[in-house]
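With the hints as constraints, model all of the structure from the sequences given.
Mapping of the sequence shown onto mature numbering (1 follows the signal peptide of the UniProt record, and there is no 0): residues -22 to -1, 1 to 258, in sequence order.
Keep in mind that a hint or two might mislead.
What the hints assert, rightly or not - Computed cross-link-like contacts, BS3-like style, restricted to lysine-lysine with a CA-CA straight-line distance of at most 30 Å:
| # | residue 1 | residue 2 |
| --- | --- | --- |
| 1 | K112 | K219 |
| 2 | K219 | K148 |
| 3 | K148 | K258 |
| 4 | K148 | K112 |
| 5 | K258 | K112 |
| 6 | K258 | K219 |
To be verified - Estimated spans, in silico, between C-beta atoms of each pair:
| # | residue 1 | residue 2 | range |
| --- | --- | --- | --- |
| 7 | D131 | R190 | 42 to 50 Å |
| 8 | F174 | T41 | 33 to 41 Å |
| 9 | Q147 | P42 | 39 to 47 Å |
| 10 | A50 | D170 | 29 to 37 Å |
| 11 | V205 | L180 | 20 to 28 Å |
| 12 | V224 | I136 | 32 to 40 Å |
| 13 | Q243 | P42 | 42 to 50 Å |
| 14 | A140 | A251 | 31 to 39 Å |
| 15 | V239 | N58 | 26 to 34 Å |
| 16 | N169 | D189 | 43 to 51 Å |
| 17 | R98 | N169 | 17 to 25 Å |
No wet-lab data here; the hints were simulated from the structure.
The beta carbon of each residue, even a glycine, is placed where N, CA and C say it ideally should be.
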Amino acid sequence: MQNKYRRLFLFIGLLIGGAASAQIVEQPDPLRPSTPDSSNATTASDSGKVSLASPAPVAAPQTPVFRYRLAADGTVTAGNINRTLLQLAGSIDYELSNLFKLSSNPSFVYGRQSGILAEREWFGDFRTTYRPEKRLYYLGFGSFERSNLRRIDRRWTIAGGAGYKLLNQKRAYLSLTNVILNEFTDFVELNDINIFRNSTRLFGEYTFDNDRFTITHTTFYQPALGVRNIRWNASLSVQIKLTAVVSLRSTIANAYESVVVPGRQNNDLRFTAGLVYERK
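The following block contains the structure:
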């Protein structure tokens, strides 16, 4: 068991560590909070109702919970256009208690077209969530990105805000988060940008047929404050479970940035298919 965790942390460390030397256009899906007990799906403080029949039970001390998801997917075409795309992504949650959770969503994308390097995208972040199991929760995070596709040498962000669970059931989850973030972007061919953004994220996950099928969607909308500079991205994934821990997944993702270097398009669309290893 210890060796398994060592290998996992080594893999994640390579992804994040590489960022110090390589922005992914879309951020990977986070892990949804652990499914609440069906007998206690909502608490009195979340629902606004207080039971008069009996006092609320005293919660037992919680053992730290470690969960993770690793995904590897891509596309390969040959013929008139030779195209290779590899995408690696991870989602890690470490729930210290009912009050605090640490998480990270590192990812790496590498692509070549007709023998020329097109994509070498790195993303690494570290998040802290306060009251993660409550309907209203709070979060703070920092991230680092680097992108060959958009000619970004480095992009740092720090942010803080709140999230609200619109739906939190065993088979369906939907949350909305809103944060204020400070972004510094060092373009290879443009002047540096140091701005504040309002970032809104809508994240949903739905399972069917006894968790055999999973549909996940993530949307970010990030306008800058005081200047004309908009970023948004969205992704939709369909996942089919092959074993208890391995699934087949296909994802379509779109990303848009209003400010790009000369010669680059504002919009990027990507479709990938691959395997997911997940332990919850």
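*With respect to the beta-carbon atoms only, verify the hint that Q147 and P42 lie 39 to 47 Å apart.*
25 Å, violated
*Do V224 and I136 keep their Cβ atoms within the hinted range of 32 to 40 Å?*
At 35 Å between Cβs, range holds.
*asked:* Just to be sure I understand the hint, the distance between the Cβ atoms of D131 and R190 should be within 42 to 50 Å; is that true here?
replied: Given range 42 to 50 Å: holds, Cβ gap about 43 Å.
*That 43 to 51 Å hint for N169 and D189 (C-beta), does it hold up?*
49 Å, holds
*Quick one, are K219 and K148 close enough, alpha carbons at most 30 Å?*
17 Å, holds
*Using the C-beta atoms of A140 and A251, is the stated range 31 to 39 Å upheld?*
Holds - the Cβ-Cβ distance for A140 and A251, about 35 Å, lies within 31 to 39 Å.
*K112 and K219: Cα distance at most 30 Å?*
Distance of about 28 Å is within 30 Å: holds.
*Given a hinted range of 33 to 41 Å, is it respected by the beta-carbon distance of F174 and T41?*
Holds, since F174 and T41 (Cβ atoms, about 39 Å apart) stay within the stated range.
_20 to 28 Å was suggested as the range; check whether the CB atoms of V205 and L180 agree with it._
24 Å, holds
*Would you mind confirming whether the straight-line C-alpha gap from K148 to K112 stays at or under 30 Å?*
Measuring from Cα to Cα gives roughly 15 Å; hence the hint holds.
_Within 26 to 34 Å: is that where the Cβ-Cβ distance between V239 and N58 falls?_
Because 28 Å falls inside the window, the suggested range holds.
*asked:* Next pair to validate is K258 with K112; report whether the Cα-Cα distance is within 30 Å.
replied: 19 Å, holds
When held up to the earlier numbered hints, the structure conflicts with hint 9 and nothing else.
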